[in-house]
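Top to bottom, those sequences are chains A and B. With the numbering used here, letter number 7 in the first sequence gets 7, and the count goes up by one each step, no holes. With the numbering used here, letter number 87 in the second sequence gets 201, and the count goes up by one each step, no holes.
Quick caveat, the hints were computed from the structure, so don't treat them as lab data. A couple of the hints might just be wrong.
Stated by the list, open to error - A short list of chain B residues far from chain A (calculated; beta carbon distances all over 12 Å): (1) Val126; (2) Val129; (3) Gln187.
What the hints assert, rightly or not - Calculated Cβ distances over 12 Å to all of chain B for the following chain A residues: (4) Glu64; (5) Gln71; (6) Thr111.
Said to hold, decoys possible - Computed spacing ranges between beta-carbons, pair by pair: (7) Ile60(A) x Gly166(B): 38 to 48 Å; (8) Thr117(B) x Ser80(A): 29 to 39 Å; (9) Thr55(A) x Ser181(B): 40 to 50 Å; (10) Gly166(B) x His82(A): 39 to 49 Å.
Cβ atoms here follow ideal geometry from the backbone N, Cα and C, with glycine treated the same way.
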Amino acid sequence: AQSVTQPDIHITVSEGASLELRCNYSYGATPYLFWYVQSPGQGLQLLLKYFSGDTLVQGIKGFEAEFKRSQSSFNLRKPSVHWSDAAEYFCAVSLPGSARQLTFGSGTQLTVLP
Amino acid sequence: SQTIHQWPATLVQPVGSPLSLECTVEGTSNPNLYWYRQAAGRGLQLLFYSVGIGQISSEVPQNLSASRPQDRQFILSSKKLLLSDSGFYLCAWVNQDRLMNTEAFFGQGTRLTVV
Numbered sequence: 001a002q003s004v005t006q007p008d009i010h011i012t013v014s015e016g017a018s019l020e021l022r023c024n025y026s027y028g029a030t031p032y033l034f035w036y037v038q039s040p041g042q043g044l045q046l047l048l049k050y051f052s053g054d055t056l057v058q059g060i061k062g063f064e065a066e067f068k069r070s071q072s073s074f075n076l077r078k079p080s081v082h083w084s085d086a087a088e089y090f091c092a093v094s095l096p097g098s099a100r101q102l103t104f105g106s107g108t109q110l111t112v113l114p
Numbered sequence: 115s116q117t118i119h120q121w122p123a124t125l126v127q128p129v130g131s132p133l134s135l136e137c138t139v140e141g142t143s144n145p146n147l148y149w150y151r152q153a154a155g156r157g158l159q160l161l162f163y164s165v166g167i168g169q170i171s172s173e174v175p176q177n178l179s180a181s182r183p184q185d186r187q188f189i190l191s192s193k194k195l196l197l198s199d200s201g202f203y204l205c206a207w208v209n210q211d212r213l214m215n216t217e218a219f220f221g222q223g224t225r226l227t228v229v
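Bound conformation, chain B alone (with noise of 0.2 Å):
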């Protein structure tokens, strides 16, 4: 069965501190990978997108970038982390294979905290 990994959990960072969050899944080929920001009291918001290896799309100009080094695995990162930037991630799959179902399996999310 596929499975979605997502670390660490929670991560208490200075401002202008590097940033390093990992996203893997298991069990899935060529799947679609995602990145999403939640801050409180607000809805999700779309940060990066990526259908292959080496390919981002970007969706708001911020302060992170996002790469794909591996076909399972979503890498989400900032040289330095901003007060703005707390929030909760999320990374996201979707199977490319099957677009007609595209439904989304998400991480248990990322709770940052920048003081």
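So that you can see chain A by itself, here it is in the shape it has in the complex (with noise of 0.2 Å):
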């Protein structure tokens, strides 16, 4: 069965180190990849996205994921984690010319501390 997976439910930073939220899928095909941030109550923003073409990607907010085809995962990164970056972190995937659209993960909960 189709699934993305993100196997940490929370975690939790000190201002200024380094972030890595994981994320695993299982699909037929190299589906197209997402991460979104989501503030308390509020919509989903995208950070970032992967179709195709270099495997690191660049996304707002100073973070970057890598796609690795071999482990099938796709890990967002943040060399320097700021307070504001303190949100719930969603992993989500899509099949190319799928009207379906989007498969969440669980969500990962980001803390930071001061």
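Since each chain sits alone in its own frame, please combine them into the complex, following the hints.
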């Protein structure tokens, strides 16, 4: 069955520390890959996306993600976390040309300590 | 530019009452439209999607229904709410003409509490 897994439910890091949020997918073909961020009580904002080409993609707010086909992973990274990065992060996939659209992981809640 | 409106932002309804959440999109035509639900501490679950007027696909059996009476309007409804319908509901759209660029745009969500 097709699925998206975010193994870390909650991550806590100190401000200024580096961050990596994990995402693994299980699909028959390489899907399109996305990371979204959700602030409390708000909708989702796209951080970055991967369709094809360079496997290291840059997003907004200093985030980047690397697609690794051999590991079926699309991990999100940031070299230095800011307190404003505290939010919930969702990995999502969609199949090219599919109207069904995004399948989301269960999310990772990020807490940033001062 | 394209925008998406979703209302109300918050809603408290008694069990057994009806529900109607509305989502409208501006600045685009013939979008794909989606309703997601986010239960507390859980990810987003796709409830319904629509590729055109009157065309609704349901992802999971449930107490809810959806309708698309106009090209840029998507409505989520229930005749009788259950406690388990509580959650955060998100509407989203995707430009159907650009399936290679399947970024979804989300509304601000509706927090529904059934009491």
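Would you pick out the hints that fail for this structure and give their numbers low to high?
Of the numbered hints, just 7 does not hold.
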